[in-house]
Amino acid sequence: MKRTSFLLGALSGLTVVANADHLFARALADTTLPGLPGGANRTLVLINLQGGNDGLNCVVPHGNPDYYRVRPSLAIAQNEVLAIDAQLGLNPNMRAFKALYDKGSVAVVQGVGYPDPDHSHFRSTEIWQTAAPDKYLHTGWLGRYMDDAGLPESNLFNGVALSQVLPEVMIASKTDVPAIPSERGYGLVSDRNAASRTAYTQMVRDARLPFQSPYLSHVMEIEDHSQRGSQELPKLIAGYKPAGSYPATALGRSLSLAAQIVGSKLGTKVIYVQHGSFDTHVSQVQTQNRLLGEFSDAIAAFYADLAAHGNENEVLTMTFSEFGRRIAENGSRGTDHGEASPLFLIGGNVKGGMYGAAPDLSNTSNGNVKFGTDFRSVYATVLERWLGKPSQKILSGSFSTLPVLA
Amino acid sequence: MANVDVAGIHRPTGSLDAADALRPYGGPWNDRWAAHLLRRAGFGGSPDDIRALTAMSASDAVSSLVHFPSDAAPPPPDLFDPIAYVRETYGGRRPADVGADQKRAIGKDVRKQERQSILSMQAWWLDRMLNSRAPLQEKMALYFHGHFTSAAIQKGVTPPMVLAQNQLYRQNALGNLRDLTRSVSKDPAMLLYLDNALNVAAHPNENYARELMELFTLGVDHYSESDVREAARAWSGWTVYRRSGEASFVGSRHDGGSKTFLGKTGNFNGDDIVNVIFDRPECATFFATSLINYFVYNDPEPQLVDAVAALIRKNDYNLAPVLSTVLRSNVFFSDRAYRALVKSPAEFVIGAHKALGLAKVDDSAQRAMAAMGQVLFYPPNVAGWPGGQNWVTSQMVISRQNFVAGLVTSQVIGQSSWLPSVPLKAQSAAQALIASILQGDASPLASAQLADYLNGTGESAMGMLSGENRDERVRGAAYLTMAMPAFQLA
Chain P
1 MKRTSFLLGA
11 LSGLTVVANA
21 DHLFARALAD
31 TTLPGLPGGA
41 NRTLVLINLQ
51 GGNDGLNCVV
61 PHGNPDYYRV
71 RPSLAIAQNE
81 VLAIDAQLGL
91 NPNMRAFKAL
101 YDKGSVAVVQ
111 GVGYPDPDHS
121 HFRSTEIWQT
131 AAPDKYLHTG
141 WLGRYMDDAG
151 LPESNLFNGV
161 ALSQVLPEVM
171 IASKTDVPAI
181 PSERGYGLVS
191 DRNAASRTAY
201 TQMVRDARLP
211 FQSPYLSHVM
221 EIEDHSQRGS
231 QELPKLIAGY
241 KPAGSYPATA
251 LGRSLSLAAQ
261 IVGSKLGTKV
271 IYVQHGSFDT
281 HVSQVQTQNR
291 LLGEFSDAIA
301 AFYADLAAHG
311 NENEVLTMTF
321 SEFGRRIAEN
331 GSRGTDHGEA
341 SPLFLIGGNV
351 KGGMYGAAPD
361 LSNTSNGNVK
371 FGTDFRSVYA
381 TVLERWLGKP
391 SQKILSGSFS
401 TLPVLA
Chain W
407 MANVDVAGIH
417 RPTGSLDAAD
427 ALRPYGGPWN
437 DRWAAHLLRR
447 AGFGGSPDDI
457 RALTAMSASD
467 AVSSLVHFPS
477 DAAPPPPDLF
487 DPIAYVRETY
497 GGRRPADVGA
507 DQKRAIGKDV
517 RKQERQSILS
527 MQAWWLDRML
537 NSRAPLQEKM
547 ALYFHGHFTS
557 AAIQKGVTPP
567 MVLAQNQLYR
577 QNALGNLRDL
587 TRSVSKDPAM
597 LLYLDNALNV
607 AAHPNENYAR
617 ELMELFTLGV
627 DHYSESDVRE
637 AARAWSGWTV
647 YRRSGEASFV
657 GSRHDGGSKT
667 FLGKTGNFNG
677 DDIVNVIFDR
687 PECATFFATS
697 LINYFVYNDP
707 EPQLVDAVAA
717 LIRKNDYNLA
727 PVLSTVLRSN
737 VFFSDRAYRA
747 LVKSPAEFVI
757 GAHKALGLAK
767 VDDSAQRAMA
777 AMGQVLFYPP
787 NVAGWPGGQN
797 WVTSQMVISR
807 QNFVAGLVTS
817 QVIGQSSWLP
827 SVPLKAQSAA
837 QALIASILQG
847 DASPLASAQL
857 ADYLNGTGES
867 AMGMLSGENR
877 DERVRGAAYL
887 TMAMPAFQLA
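So the sequence lines, in the order shown, correspond to chains P and W. Numbering of the first sequence is given in the working numbering, commencing with residue 1 and proceeding in unit increments. Numbering of the second sequence is given in the working numbering, commencing with residue 407 and proceeding in unit increments.
In short, the hints are calculated from the structure, not lab data. Relax, there's no trap hidden among the hints.
Straight-line alpha carbon distances no greater than 30 Å define the calculated DSBU-like cross-link-like pairs of lysine-lysine that follow:
1) W:K670 with W:K592
2) W:K561 with P:K135
3) P:K135 with W:K670
4) P:K98 with P:K241
5) P:K241 with P:K265
6) P:K265 with P:K351
7) P:K103 with P:K351
8) P:K370 with W:K561
9) W:K561 with W:K514
10) P:K370 with P:K135
11) P:K135 with W:K592
12) W:K592 with W:K561
With these hints in hand, go ahead and build the complete structure from the sequences.
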């Protein structure tokens with residue numbers, strides 16, 4: 001159905017399609033906000049730090065004596081912290097990331113969360129991904145962005161999730177987003193057999209069937225995508241050679257593929273990547289230090305690669321985690337589920353620095369960091385100031401933007 | 407919690423003949439309609455199952471599914487009970503007397519054993535979906551699981567509680583909706599999952615009271631915030647004993663005062679609240695919509711909803727006569743309903759096993775279902791699985807196709823009841839596969855491609871179908887048949 005309307009538009013040489021929905025999408029697509037320079041090639045990379053990243057041992061309040069009092073076995077010694085100033089610094093395993101910060105390429109937004117926070121991984125992840133704390137939505141905020149952005153319907157890679165399963169944040173009503181665990185792990189197993197591949201290609205194209213179904217055209221379209229996407233991707237990205245080397249970690253491999261997709265100019269607006277698990281109830285230090293070290297090294301390699309290809313200002317990377325962790329450590333040298341935590345915005349013309357108040361460790365929300373910035377304000381900023389789209393409809397409400405992007 | 411969106415749910419084209427919709431179907435009866443009935447009132451059928459129903463009348467076929475034999479086999483697996491385990495491990499010690507290292511070890515052990523229990527329960531349920539002599543009972547258990555949702559291992563819900571809730575759905579499969587709603591409100595997994603276990607007179611917790619009306623019985627716009635508060639007061643006092651995992655009503659925690667709820671006033675308790683709700687016509691309308699969406703087609707016309715709601719009210723919320731009428735009706739056996747739903751992953755996975763005539767669920771099924779977007783006992787949220795077009799993204803379709811590709815090359819395929827007897831002539835083999843698996847619902851191009859594949863013709867020229875390559879070729883062709891669009895549709 002979608003393919004047909006696209007073809008109609010292409011054949012007539014017009015961008016008009018005979019469908020009210022599409023006209024609406026086009027109209028929205030044309031409403032680029034004033035004051036945004038360029039923007040056509042911009043990509044957002046969203047990194048999910050799964051499991052609840054402990055904010056206090058990531059952006060460390062090393063000038064606050066309360067921190068050392070409530071974290072007797074977990075606190076990071078003042079002389080180890082990668083100090084940003086007398087109060088705050090980064091986890092010692094984030095050296096490469098600190099160098100990016102020092103270059104002004106990283107904005108740290110403190111105390112991000114939402115009212116009446118949910119402490120379940122499941123529900124809070126869903127809230128962050130759907131941007132809906134008080135209702136159940138089946139589409140993600142980036143899915144809704146893609147639906148409304150008037151992206152070319154012929155492009156199978158308007159958005160991609162570098163994961164095994166499509167995360168809720170990328171689920172759209174009209175845009176089919178592929179999940180690509182890796183270049184080799186993407187696609188139909190049966191395509192390895194040439195005869196099977198040929199038969200499948202033909203089989204899913206003929207709509208002359210002895211029944212009607214309201215879902216038939218959609219199923220046929222997606223069955224076609226399922227095969228075509230994995231056949232086209234390797235060809236589309238083959239010309240890109242990564243600059244420098246990436247760490248041999250899952251995140252390193254994902255970001256290397258992300259740089260390749262960006263550099264191959266597929267028109268991809270959104271790339272989802274995941275890293276974790278940060279659910280450090282037990283023996284937090286080893287786990288979190290390793291994960292933050294991997295994050296820091298992979299991000300540094302990613303931006304070095306992007307820069308070598310002249311793409312570093314075209315890619316804004318944003319992290320999120322479903323919640324921070326409890327301020328006080330538990331009895332197992334770990335921390336339990338908390339509330340607000342910091343997130344990072346990297347590259348893409350960010351105005352580097354610290355935003356939002358450092359966590360108040362005495363005035364808490366039942367022992368958790370109170371939120372100061374609604375996560376939807378960060379989303380509104382990214383949508384309006386980076387992707388150039390109004391955010392009100394996508395976020396079902398009006399949220400102020402933050403001055404973090406140039 | 408506010409409303410739920412239902413994007414991606416589509417009504418079939420064409421128009422409804424409302425006056426005739428629920429009258430008994432008297433049209434042609436053949437393998438296509440028998441397979442349709444088996445997909446909707448169960449999880450599909452093997453060629454033998456379809457033949458057996460085709461040999462009956464339509465009405466007898468429906469009766470054979472609605473008046474199901476009681477089938478308790480196989481018994482559920484032995485489950486790990488973390489409550490008993492912790493009680494025994496701690497002995498008489500208070501938590502403060504147990505060292506941190508030991509607590510950690512106990513916690514790790516509990517999580518591991520809980521996960522194993524849930525996996526064994528999922529395997530058990532999938533086996534029941536495949537092998538039960540009462541497929542409609544399992545289909546209703548899955549319906550209730552997505553309707554009155556509770557998720558495993560959250561908020562203190564234990565594996566035995568999850569099983570007890572699942573058995574409650576099975577026992578009430580075609581029972582009375584009002585009775586089931588009262589029972590599930592007092593079910594330990596539900597009390598914990600939606601926080602009514604924390605609902606006490608002094609500090610009412612409104613979570614359950616709200617979802618009871620919004621998602622389980624009425625839908626938004628049919629109650630006020632004041633009704634939510636009053637219902638929460640009426641449901642106060644129900645809790646779950648952490649030391650036994652049993653549900654209990656504690657009179658001292660209950661608000662026994664007068665409540666005004668949906669226009670009625672009295673010293674209501676929780677049961678009274680459910681009774682008041684079920685007296686509202688909107689409640690019958692709500693279940694009518696939901697059942698038509700599950701069994702007939704999506705986004706039904708208001709006239710059809712009204713007709714089924716009237717049927718529900720006439721039968722005082724007893725499901726057996728309602729489903730017996732709906733499954734026998736013209737609208738159910740209409741071209742508009744035929745393949746008008748998208749198979750859920752459970753329907754797809756079990757349907758693939760049934761189509762191939764397999765008696766054992768392949769070990770890969772559970773992991774594959776997760777990639778397809780459905781993990782039994784873990785609904786995505788309290789609103790259940792959205793269904794319809796939401797089951798069809800390229801990632802989910804790749805997961806579905808790759809699962810079948812694995813199934814046709816796995817060990818279990820050797821036990822297929824009919825694949826080995828597919829004719830040795832490519833054209834006839836293709837016809838047999840399309841007839842047995844899709845009841846002929848393949849396009850001319852797809853049929854020709856399948857014959858080409860079996861024959862080894864086309865660009866790859868693998869050589870004619872023969873005794874030597876037959877096994878591999880037929881397996882590949884069975885995969886291709888199940889990869890066709892029709893097989894995604896129920």
